[in-house]
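Residues per chain are reported as follows:
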Amino acid sequence: MQLLLKYRTQAFLLLALLVSFVVSQASDNIDGYVLQIMLVAGINIILAVSLNLVNGHTGQFSLGHAGFMGVGAYMSAAVSVEMGPSILGLLGGPSTLSHGVTFVIALLVGGLCAAVCGWMVGVPSLRLRGDYLAIVTLGFNEIIRVVFQNTSSSGPFGGALGMRGIPDYSTFFWVFGIAAICIYVVASMVNSTYGRGFLAVRDDEVASESMGVNTVRYKVVAFVLGAFFAGLAGGLYAHLFGAIDPKGFGFLKSVDIIIMVILGGMGSTLGVVVAAIGLTTLNEQLRDAEKFRMIVFSILLIVMMIVRPQGLLPVTFEKKRRKSA
Amino acid sequence: MDQFVQQLLNGLFLGAIYALIALGYTMVYGVLRFINFAHGDVFMLGAFGGLYVHKALAPLLNALPWPLALAVVMLASMAICAALGIAIEYFAYRPLRNRPRLNVLITAIGVSLFIEYTGQLVFGATQQPFPAIIPRQNISGLGGLTVTMTQVIVVVVTTALLIGLRYIVMRTRLGLAMRALSLNPTAAALMGVNTSVVISFTFGLGSALAAAGGILYASLYPSVDPFMGIQPGIKAFVAAVLGGIGNIPGAALGGMIIGVVETLVTGYSQKLGIPSGYKEGVAFIILILILLFKPSGLLGKVEREKV
Chain A
1 MQLLLKYRTQ
11 AFLLLALLVS
21 FVVSQASDNI
31 DGYVLQIMLV
41 AGINIILAVS
51 LNLVNGHTGQ
61 FSLGHAGFMG
71 VGAYMSAAVS
81 VEMGPSILGL
91 LGGPSTLSHG
101 VTFVIALLVG
111 GLCAAVCGWM
121 VGVPSLRLRG
131 DYLAIVTLGF
141 NEIIRVVFQN
151 TSSSGPFGGA
161 LGMRGIPDYS
171 TFFWVFGIAA
181 ICIYVVASMV
191 NSTYGRGFLA
201 VRDDEVASES
211 MGVNTVRYKV
221 VAFVLGAFFA
231 GLAGGLYAHL
241 FGAIDPKGFG
251 FLKSVDIIIM
261 VILGGMGSTL
271 GVVVAAIGLT
281 TLNEQLRDAE
291 KFRMIVFSIL
301 LIVMMIVRPQ
311 GLLPVTFEKK
321 RRKSA
Chain B
326 MDQFVQQLLN
336 GLFLGAIYAL
346 IALGYTMVYG
356 VLRFINFAHG
366 DVFMLGAFGG
376 LYVHKALAPL
386 LNALPWPLAL
396 AVVMLASMAI
406 CAALGIAIEY
416 FAYRPLRNRP
426 RLNVLITAIG
436 VSLFIEYTGQ
446 LVFGATQQPF
456 PAIIPRQNIS
466 GLGGLTVTMT
476 QVIVVVVTTA
486 LLIGLRYIVM
496 RTRLGLAMRA
506 LSLNPTAAAL
516 MGVNTSVVIS
526 FTFGLGSALA
536 AAGGILYASL
546 YPSVDPFMGI
556 QPGIKAFVAA
566 VLGGIGNIPG
576 AALGGMIIGV
586 VETLVTGYSQ
596 KLGIPSGYKE
606 GVAFIILILI
616 LLFKPSGLLG
626 KVEREKV
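Respectively, the protein sequence lines represent chains A and B. Quick note on the working numbering: the first sequence kicks off at 1 and runs consecutively. Quick note on the working numbering: the second sequence kicks off at 326 and runs consecutively.
No wet-lab data here; the hints were simulated from the structure. A few of these clues could be false.
Said to hold, decoys possible - The calculated lysine to any residue pairs, modelled on SDA-like cross-linking and capped at a C-alpha distance of 20 Å, are:
#	chain 1	residue 1	chain 2	residue 2
1	B	K380	B	P390
2	A	K247	A	R164
3	A	K291	A	A243
4	B	K604	B	L337
5	A	K247	B	V494
6	B	K380	B	S548
7	B	K626	B	Q445
8	A	K291	B	Q445
9	B	K619	A	R129
10	B	K596	A	N150
11	B	K596	A	S152
12	A	K6	A	I181
13	B	K619	B	Y603
14	B	K619	A	F251
15	A	K291	B	L446
16	B	K604	A	M294
17	A	K6	A	A16
18	B	K604	A	A160
19	B	K626	B	S548
20	A	K247	B	L614
21	A	K291	B	K596
22	A	K291	B	F552
23	A	K291	B	P574
24	A	K247	A	M294
Keep in mind the model is a prediction, meaning the values are calculated, not measured.
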């Protein structure tokens with residue numbers, strides 16, 4: 001029992017992986033439409049939790065999360081479309097195992113490319129704070145979109161038309177398995193001794209630096225890790241819908257993710273997960289009223305900031321602090 | 326060579342409009358220290374304001390000589406947008422005063438999206454032609470260079486507005502209050518400056534300039550749509566940072582530079598071997614470079630962060 005308590009986060013992770021595997025086996029019994037929404041919600045959980053590491057825990061306001069997602073989506077799709085057949089051939093033709101291996105390789109390549117981009121954004125942005133950082137990350141997001149948009153339409157990335165015919169590898173197991181890993185990594189990192197540094201950077205950068213916290217390294221770690229998971233989410237997204245185009249990874253997608261983080265409460269993993277699920281469902285409800293969707297979301301954003309800037313489910317230990325930042 | 330001078334001129338005309346929008350960013354930053362994300366959308370509303378005022382007053386305006394008609398349309402749209410700017414500040418930003426700046430930034434993004442999508446609902450998502458208030462004719466004679474009447478008007482109006490703005494900021498009591506507020510808000514308030522009034526006034530002034538910019542832009546590229554403010558808004562913001570945010574002459578200079586660079590990149594993209602689609606990224610690359618190497622901008626002064 002004591003052992004179980006000590007390793008309870010690990011136990012939760014294993015349980016989550018097991019549950020997602022079991023549900024995945026039974027996913028043929030779930031209505032296709034409902035399953036699709038669940039998968040999108042899962043991808044949004046990964047995006048929101050990873051952005052929360054940067055925006056919520058570390059307090060660095062990034063407006064470019066969709067850019068990292070786009071890099072992951074494009075790179076992983078390129079791997080499974082261009083190199084997929086040869087990998088499958090090496091592993092003795094199409095089978096569950098060889099598809100799985102191809103997908104893992106594709107996702108990792110996507111995630112790592114996104115992480116490299118995260119590093120490239122993170123390092124030069126360290127000198128910037130607050131709104132400047134927000135604008136620069138928005139700029140990186142736009143640059144990534146413009147680069148993909150201006151690739152040759154006959155090349156692997158398909159220019160403005162995007163990519164089609166990406167194999168549909170994303171199953172319930174992959175989406176929620178990775179979501180569980182993402183939550184586990186972010187939560188256990190932030191709650192560890194090491195991770196207090198993220199919160200210190202958020203609460204007072206100058207003070208934490210003078211107390212010996214390596215603020216530069218924490219910020220880079222947050223950016224790289226956040227980008228890596230965003231890249232994985234992008235890979236899952238590409239292999240869920242089978243088609244991607246540069247417009248899907250623009251500023252508006254970043255805003256969608258930010259709304260989830262803000263609604264859930266910056267720095268609250270549970271709140272962000274709940275918000276990701278809630279907003280995905282709300283999004284589906286508003287599909288018939290596409291015109292009003294963004295109006296509703298923008299009003300939500302403004303009202304939240306005025307009435308409840310800490311989010312719907314704020315972090316509880318916030319109360320203990322002497323004064324709010 | 327001729328082509329180069331022509332591109333340079335076109336860039337300056339475009340830059341003049343960016344300068345008008347950049348002034349709004351820089352003034353609001355000066356008094357409130359935050360980036361008004363929704364400023365580009367006020368610019369869009371200015372263009373639509375011009376379109377609808379022109380539609381509503383068409384019989385009257387057709388009877389007037391065109392410079393007078395332009396003045397009527399422009400002043401009406403500027404007044405409407407000034408009121409809207411003040412309203413935005415009053416309802417969205419004022420409740421957040423003294424809150425963390427990030428919260429205000431998020432609100433500003435919300436306001437921006439709200440204006441864009443409400444605009445899409447009200448005006449329709451498609452592009453609409455902008456009436457030719459300024460006659461579309463070429464003025465030639467400068468040795469093979471082409472300059473249109475619209476471009477001349479852009480420069481005239483921009484110059485007039487810049488002089489007017491300089492007068493307001495440097496010679497009036499409200500301008501003095503604005504400068505005091507940007508220097509030190511607490512001290513200004515202690516000296517009896519009514520900060521709320523000054524902030525409202527700044528928003529109104531900036532929005533009016535953006536509206537003028539919107540009409541000029543819509544005359545230069547004769548169509549309007551609800552999302553037309555995003556790109557010019559971002560470029561003008563970059564212009565404000567380039568010139569040194571909070572610095573009024575800097576914003577004008579930055580606008581000119583951004584306009585010229587963008588036009589040159591577009592004009593020479595084939596020779597340089599880069600797709601012309603990359604021009605959307607140019608502004609951001611400039612922005613990132615300035616923020617990394619000279620964050621205070623060309624004319625701005627360095628601010629030390631105090632603990």
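Status of each hint after checking the structure:
no. : hint            : result
1   : B/K380 x B/P390 : holds, 16 Å
2   : A/K247 x A/R164 : holds, 14 Å
3   : A/K291 x A/A243 : violated, 24 Å
4   : B/K604 x B/L337 : holds, 16 Å
5   : A/K247 x B/V494 : violated, 42 Å
6   : B/K380 x B/S548 : holds, 14 Å
7   : B/K626 x B/Q445 : violated, 40 Å
8   : A/K291 x B/Q445 : holds, 8 Å
9   : B/K619 x A/R129 : holds, 14 Å
10  : B/K596 x A/N150 : holds, 17 Å
11  : B/K596 x A/S152 : holds, 18 Å
12  : A/K6 x A/I181   : holds, 18 Å
13  : B/K619 x B/Y603 : violated, 24 Å
14  : B/K619 x A/F251 : violated, 26 Å
15  : A/K291 x B/L446 : holds, 7 Å
16  : B/K604 x A/M294 : violated, 27 Å
17  : A/K6 x A/A16    : holds, 17 Å
18  : B/K604 x A/A160 : holds, 15 Å
19  : B/K626 x B/S548 : violated, 39 Å
20  : A/K247 x B/L614 : violated, 25 Å
21  : A/K291 x B/K596 : violated, 42 Å
22  : A/K291 x B/F552 : holds, 14 Å
23  : A/K291 x B/P574 : violated, 40 Å
24  : A/K247 x A/M294 : holds, 16 Å
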